Amino acid sequence: MKTRRLAAAAMAGGAAAAVTLILLRRRPGRLRYHRGLAALRLFVRGGIRYAGSAPRMFAAAGERRQLLREDLALQTAEDVADTLGAMKGVMMKIGQMASYVDGGLSPAVRHTLARLQDSVPPMSPQLAAAVVEEELGAPPERAFARWDPRPIAAASIGQVHRAVTLDGRAVAVKVQYPGIAETIAADLRNVTLLRRMLKITAPAQDVDALLTELRDRIGEELDYRREAASQRLLAAYYSGHPTIHIPAIVSELSTRRLVTSELSGGARFAELSTWPQHERDLAAETIYRFVFRSLYEVGAFNGDPHPGNYLFHPGGRVTFLDFGLVKHFTAAELQPLLQMARTVCVEHDPEAFRRSLEDAGFLRRGAPLSTSAITEHLAVFYDTIREPGPLTITSDYASSVVRRFFDLRSPVAGYISVPRPYVILQRINLGLFAVLGELSATADWRAIAEEIWPFVQGPPSTPMGEAEAAWRAQHQAIAA
Amino acid sequence: MADLYATATGLIERSAAAYASGVPEDAADDGFFGPASVAWKVSADLASPVAGLRALLIQALHPLAMAGIDQHSGWRQDPAGRLAATSAYLATITFSERTVAAAAAARVRRIHDHVRGVDAVTGRPYAAGDPALLLWVHVALVQSSLAAGQAFGTPLSADDSERYIAEMMVAAELVGVPRPLIPAGVAELDRYVASVRPELRCTPAARESMAYLLDPPGLDQEIAGFWQDVRDGAIAVLPEWAREMYGYSAPQPPPLESGRRTEIRQSLGVLDALFLSEPGVLEARQRITVRMRATRSA
Chain A
14 MKTRRLAAAA MAGGAAAAVT LILLRRRPGR LRYHRGLAAL RLFVRGGIRY AGSAPRMFAA
74 AGERRQLLRE DLALQTAEDV ADTLGAMKGV MMKIGQMASY VDGGLSPAVR HTLARLQDSV
134 PPMSPQLAAA VVEEELGAPP ERAFARWDPR PIAAASIGQV HRAVTLDGRA VAVKVQYPGI
194 AETIAADLRN VTLLRRMLKI TAPAQDVDAL LTELRDRIGE ELDYRREAAS QRLLAAYYSG
254 HPTIHIPAIV SELSTRRLVT SELSGGARFA ELSTWPQHER DLAAETIYRF VFRSLYEVGA
314 FNGDPHPGNY LFHPGGRVTF LDFGLVKHFT AAELQPLLQM ARTVCVEHDP EAFRRSLEDA
374 GFLRRGAPLS TSAITEHLAV FYDTIREPGP LTITSDYASS VVRRFFDLRS PVAGYISVPR
434 PYVILQRINL GLFAVLGELS ATADWRAIAE EIWPFVQGPP STPMGEAEAA WRAQHQAIAA
Chain B
12 MADLYATATG LIERSAAAYA SGVPEDAADD GFFGPASVAW KVSADLASPV AGLRALLIQA
72 LHPLAMAGID QHSGWRQDPA GRLAATSAYL ATITFSERTV AAAAAARVRR IHDHVRGVDA
132 VTGRPYAAGD PALLLWVHVA LVQSSLAAGQ AFGTPLSADD SERYIAEMMV AAELVGVPRP
192 LIPAGVAELD RYVASVRPEL RCTPAARESM AYLLDPPGLD QEIAGFWQDV RDGAIAVLPE
252 WAREMYGYSA PQPPPLESGR RTEIRQSLGV LDALFLSEPG VLEARQRITV RMRATRSA
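Order-wise, the sequence lines are chains A and B. This note's numbering numbers the first residue of the first sequence as 14 and each following residue consecutively. This note's numbering numbers the first residue of the second sequence as 12 and each following residue consecutively.
Some hints here could point you the wrong way.
As the list claims (entries may be wrong) - Interface residues of chain A toward chain B, partial, derived using beta-carbon atoms under 7 Å:
1) 84
2) 128
3) 129
4) 206
Stated by the list, open to error - Pairwise CB distance ranges (calculated):
5) 152(A) to 177(B): 39 to 49 Å
6) 139(A) to 108(B): 26 to 36 Å
7) 177(B) to 124(A): 34 to 44 Å
Claimed, not checked - Here are some chain B residues the structure puts well away from chain A; computed CB gaps all over 10 Å:
8) 47
9) 85
10) 86
11) 101
12) 113
13) 117
14) 126
15) 191
16) 196
17) 229
No wet-lab data here; the hints were simulated from the structure. Predicted, not measured: the structure shown is a model, and the values here were computed from it. In this text, a Cβ means the ideal position worked out from N, Cα and C, and glycines have one as well.
Based on the sequences and whatever the hints tell you, model everything.
Take a look at the structure:
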């Protein structure tokens, strides 16, 4: 329900900014003047659209919303500590993460977290400017050619401002609340309290695995340089990709508490839902390719695939935003996942599937269960890729995946646990399929998966696959 | 013993409703304190639950005050309701316009008129309207707010502590304490407490009621762990003599070690978040903040 509300809030907005960007891209060598002019246009027009459709605007309860936003703005680091200290910032992060890994947040917990988010006003323009100055050594009016003092969106521990760089690029600048990193780091040390809260928040989980993962991920998120590094890595990997677009990081304007990236326009999720089914299928295909190519080839998984983090363009082109929650996997961590997919989908060997589950730590070794019971319980996660042929992912399918995941009554459930490296991957089931289900996306997912699986490396199965293959050939040529 | 009491479930919900309704949407005047007061600042302090519990622990040590509560208030039937009513009263006195605050105080005085009796332990007669008892209750609250804020919330400067005590005099006046009797600063407050101490006793009624408060049966399981931290916090900021009268063991060494202090503060933060999510509380806080900001910038 909260996801729905977030999604609804993330909606509306148009493609004008996208068009501006596409025009920009087509004339890479133009004068800086033109680029600057276009950036300003984006700043003024596209930016306002972006503002109106930001993932989560600062909420103020009741009437006089705009007025309240300004009256209540956090003016000092002490205001930040009062608002987000003493566990409140951590609670918000737990809520965010737990909603990724646990579809079973109770309505009461959901409500508390939503109200908590509503209670955080934006930083005052002066406070945000002070952070920029501390990070860049110059106030925003000097560090940037243009700086919009009003934030356009709330980030969980910061807020996003539009700006134009001195060399004329329109950018989005995420500014972290001052003092928040220290506060949250201190709060994360209270393991007893965190465990108590997690038991309330995510009762269906192995609390200790979740706790450790949560502390690591939140800890990482406090240093924006990690986010910038993840985004840079993915932007470099997908550079020139026909449909996947990752906004470039402006490295010289990114620091521990600032992350500056190319400002992107595009249609929001709600608008995509009004596009023809063909367009929705293409967008879904791009998202699908992005998730699994990133995982298997870059070893990176964005744990935050919610509808607000996509901008859509015609022809299946998708801009991916917000890399604050990226988990990086080693080859050794990926191997069991590939092995599981291979044994169940390609080799159709239930015993080997069971062994690979045990090897990865998903299934307790020697569990008194028949292999067919195990396969039957877990097969739902592979339903979309077990057989070739076009298949529509429905919202019903997405919910059935969630239900199965949290089906604690099944005799199999007692022997299954999710090893820590994979906790965040549950978001594939709970996030990705929910998005594809909302789009009622149809594709031959198996054929696409075969393209991506390193143990198959199948031929292109769609026009997008053809374009991607061409890109890969070129990409690899450049890399070599 | 649990049967003696109705369940304490719903404490947060009911206190929150009381609080939200005590903060007016459109006030005709700034009431008896106003947005520039220290009292407004203190009322929003994270440490308020600790302050409230400490105040009750101190108030209960006056045998006549305790007897009045014990024999009349019926709090055993509905402890959460009783505490919520107190929260509502305090919010009204603090934030409402003067006529509303004065009317609430008048209602309390009328109730007090009927609360009379004889304390079984000391054999002394008592009346809830007795300024001496009202003053004890008042001072316990004022002093507890300062002590709890100092330990777990946002500590006041020495000047603000003095101002706070002086501002709060009007609250005692409203329930019928003559102004000359009311301590107007830190030193007077301390002298007053020292002067009352010979009368204090930990009666069976006090012991039993407070044991209940420190470990209320029926508290939502999720809240119980947090309440334990509130309780430890309240005991930690009790004066040594009060801890001895109850026989509570002091935290070792008495100034709480900073790790435990942080933990209690963090629990208070979680409780505050739960409080905040109750209907109307966020809006009430925003109304207060907006008015305080307006005063600050004016």
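Now for the hints, and whether the structure bears them out:
no. : hint                         : result
1   : 84                           : 5 Å, holds
2   : 128                          : 4 Å, holds
3   : 129                          : 5 Å, holds
4   : 206                          : 5 Å, holds
5   : 152(A) to 177(B): 39 to 49 Å : 42 Å, holds
6   : 139(A) to 108(B): 26 to 36 Å : 33 Å, holds
7   : 177(B) to 124(A): 34 to 44 Å : 41 Å, holds
8   : 47                           : 16 Å, holds
9   : 85                           : 30 Å, holds
10  : 86                           : 27 Å, holds
11  : 101                          : 21 Å, holds
12  : 113                          : 28 Å, holds
13  : 117                          : 31 Å, holds
14  : 126                          : 38 Å, holds
15  : 191                          : 38 Å, holds
16  : 196                          : 26 Å, holds
17  : 229                          : 18 Å, holds
Of the numbered hints stated above, none is contradicted by the structure.
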